[in-house]
Each structure stands twice: as C-alpha cells, then as structure tokens.
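*Asks:* Okay, here's what each chain looks like letter by letter:
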Amino acid sequence: MEGLPDVGSGRVGAPGTSREQDVALARAAALGDREAFEEIVRLHGPGMLRYARRVLSDVGDAEEAVQDAFVAAWRSLDRYRGDSALRTWLFGLTSHKAVDLSRRRRPPPVDDQLVAARPADVRTDPWEHASAAELVRALEEALAELPYRQRACWLLVELEGLSQAEIAQVLRIGPDVVRGQLFRARRALEERMARWRP
Amino acid sequence: MTTTGAGAGPQRRPSDALARATRALQDEPEPGWPHVMQRVSRSLRQVSRPGRPLLVGDSADGMLSVDERVVVDVVRRRVDRVPGCRPVGVDVGATDQVVTSLRLEVWVRYGEDVVAVAAAARSAAAGSLAEVLGHECPVDVVVVDVERG
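Protein chains in written order, with the numbering used here: chain A, 604 to 801; chain B, 229 to 377.
Check the hints yourself; a few may be wrong.
[What the hints assert, rightly or not] Over 12 Å on every C-beta distance to chain A, these chain B residues come out as not near it, computed from the model:
id, residue
1, P257
2, V284
3, T328
4, S351
5, A354
6, L361
7, P366
8, D368
[What the hints assert, rightly or not] Which stretches of chain A does chain B cover? Using the computed rule of at least three CB atoms under 8 Å from a CB of chain B, they are:
id, segment
9, 633-646
10, 665-675
11, 738-744
12, 789-798
[Stated by the list, open to error] Partial pick of chain B residues on the chain A-facing surface, computed with a CB cut under 8 Å:
id, residue
13, L253
14, E258
15, P259
16, W261
17, M265
18, Q266
19, R267
20, V268
21, S269
22, S271
23, V275
24, R280
25, P281
26, A347
27, R350
28, E375
Hints listed in this document are in silico derivations from the structure and should not be mistaken for laboratory results.
Since the model is a prediction, treat every value here as computed from it, not as a measurement.
C-beta: ideal position from N, C-alpha, C; glycine also.
Please work from the sequences and hints to get the whole structure.
*Replies:* Shown next, in the form of structure tokens:
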C-alpha cells in the first residue's frame, strides 16, 4: 500500500509486535504476494529452524521440516484467517512435519523414568568454570534424552517464548498435558544437568 | 525468559546450571538459517497454487482462459497502489468459468476518507479486471478494517 508503513520492516509475529501487521502479511501472501510470504519466511524461519533442529536433534531433518512447513503454509495460507497468531500457526505446521520425520527416522525415546532414576552427584560443581559452548552442548545432550513431547514443550516455552495455551495449539494437545509435560521436562533437565561433567 | 515454572505445578527453582545453560542456548545464533532460507525460496518457486480457469474475452474462435490466481494477483497489485488502501481479500465470482462479479476486501488507513478510498479501490479493481478479462463486471468493495499506521 502506498504511503503506509512497510509491514515487512518489523519483527512481525515476534513478541511485542502487532497482530495487525502479522495478519496483513499473511493476507497479502494469501493473495499471491510472494514478497510478503518471503518476509514471513525471513521473520519466522529462524525460530522454526531453531525449534526443529533441537526437537529433532538432526540438522538435515530440521531443514526438511522447515522447508516442508513453509511449502504447506504457502499452499494453505488462503485458509488462514487469523484466528490464531501466525507464528503459532507456523510452529504448528513445523511441529506436524517434525513429528512425521521423528516417527519415520528416530528411535523410540528414552524412558524418562529410567533416566530420572539415576542418582545425581552433587558433591562438586562442574558448572562454575564451564564455557557457554559447554553449557549449550550439555543442555542439548540432556534435551536429546527427553521424550519427544517433553522436549517440544520445553523448547517452545523457553526458547520461543510461546504461552502454554499456544503450545497446546501447536502440539494439538490439551493445556493440562502441556503443563504436565513442562513440569516433567524441567525436573528431568535439572537432574540430568546436575550429573553433567565437562 | 526464565526457567521458573509458571503454571508448572509446585514451584521449583531451577538449578543454576540449567538456568545458565538455558540462557546460553537462548543466546546462541542460528548459523544455518541463510542456507535454509535459500533452500525454502528455491522450493517455493516451484510450488504453484492453481485456481479455477476463467474465460477471457470472446471465446468464439476457441477457448482462452486465465487462472484465477492470475486475476487475483493482478487485482491485488493494482489496488495495492491506491494510497491509504491495503487489499486483504479478493473473491472472484464465476459461473461456467465466466467471471460475473468480484468482491474486494480492503483495509483503509486511519484518518483517510473511507468512501473516497473505497471508490478508488473499486475503480482500480474494475479497471484491472477489464484489462485481464476483456469485459467489465461489478465490483463490491468491503472495508473490513481500519489500519493504524
């Protein structure tokens, strides 16, 4: 629109940005505006990739999930009416693709009870001098041990800042289930991290 | 973001280790994104969204049609150039592949003369339709929202 702000210039859909701008981009893309859709990809893609990479623990699968999610979004944008935030809708598509890939390619998740039952050694604090890279690696290893749904809930709330209600939409599960998964994920991660040694 | 568990049942302070690791993970860049962005862009160029075929002009010498998506895109581009107006919906009405009407939904910028903007949008849409299809048809314009820029 001439004389109106460029809706592609801000972080549309990111926390604190306008829902109106989000919907404007989606509607323009639904009408065939590829530039608007590329802006959606540019704004939301990094978060989707970050989520997919960590939930799948595989770079190749993550890239495939994000690509498939955007292709699905482009094909079905005319059905998006703004009932949920665009970001939530896109994460839902990513999650759906990630679950498909996970079922096809990944081994069954580790039994949470078995892992959680291991005693933690709290006599020393290896974290005191750990670098950021070591911290990240340790957390990634701990995340990889979590059951898929726990990992997904934790990533969406801690890295992407989604609310529990939004996570319920993304993962197509009930809010109570999200709450329970999140609680177990946090408890398990604390226990796993307590065992970590550089 | 923090790792304190709002809504996660009994409050449980996360360990310093988990909190520090979570912050480190939050701060980590996503270095693979430019490559994935290119991959996504390439794949999108190969994806079309086919619509209905719509007859163009006089078909006495054979059928000439244009995809509905093309019509929508042409209308969108033209209306998007109307100052203070943003097209957000284009619905083509057709019977037996002949376009009979068009419904245009727009947002108008706050403070604009809504009636004047809507009239300009209708004129732009009707003109682009006539150019693409070779005939005129009624255009309904609906201002669905006011945009605060």
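*Asks:* So, for every hint listed, does it hold in this structure?
*Replies:* Going down the list of hints, with the structure as the test:
1. P257: With a cut-off of 12 Å, B:P257 comes too close to chain A, as the shortest Cβ separation is near 9 Å.
2. V284: Correct as stated: the minimum Cβ-Cβ distance to chain A is 18 Å, above 12 Å.
3. T328: Check passes; 20 Å lies beyond 12 Å.
4. S351: Label holds. Min Cβ-Cβ 15 Å, cutoff 12 Å.
5. A354: holds (17 Å)
6. L361: holds (17 Å)
7. P366: Given a closest Cβ separation of 20 Å, the condition holds.
8. D368: Per Cβ check, B:D368 is outside 12 Å of chain A; nearest 16 Å; holds.
9. 633-646: holds (count 8)
10. 665-675: Contact hint for the segment 665-675 of chain A vs chain B: holds, 5 residues under 8 Å.
11. 738-744: With 5 residues closer than 8 Å to chain B, the segment 738-744 of chain A meets the three-residue bar; holds.
12. 789-798: holds (count 6)
13. L253: Status holds, d = 5 Å.
14. E258: At about 5 Å, which falls below the 8 Å cut-off, the nearest Cβ of chain A leaves the hint on B:E258 intact, so it holds.
15. P259: Hint violated; B:P259 Cβ to chain A Cβ min 10 Å, cut 8 Å.
16. W261: Status holds, d = 5 Å.
17. M265: Interface hint status for B:M265: holds (6 Å vs cutoff 8 Å).
18. Q266: violated (11 Å)
19. R267: holds (6 Å)
20. V268: holds (5 Å)
21. S269: holds (7 Å)
22. S271: OK, holds: B:S271 within 8 Å of chain A, min 6 Å.
23. V275: holds (6 Å)
24. R280: violated (13 Å)
25. P281: violated (16 Å)
26. A347: violated (16 Å)
27. R350: Result: violated, 16 Å to nearest chain A Cβ.
28. E375: Holds, because the Cβ-Cβ distance from B:E375 to chain A comes to roughly 7 Å (cut-off 8 Å).
Against the hints set out earlier in the document, violations occur for numbers 1, 15, 18, 24, 25, 26, 27.
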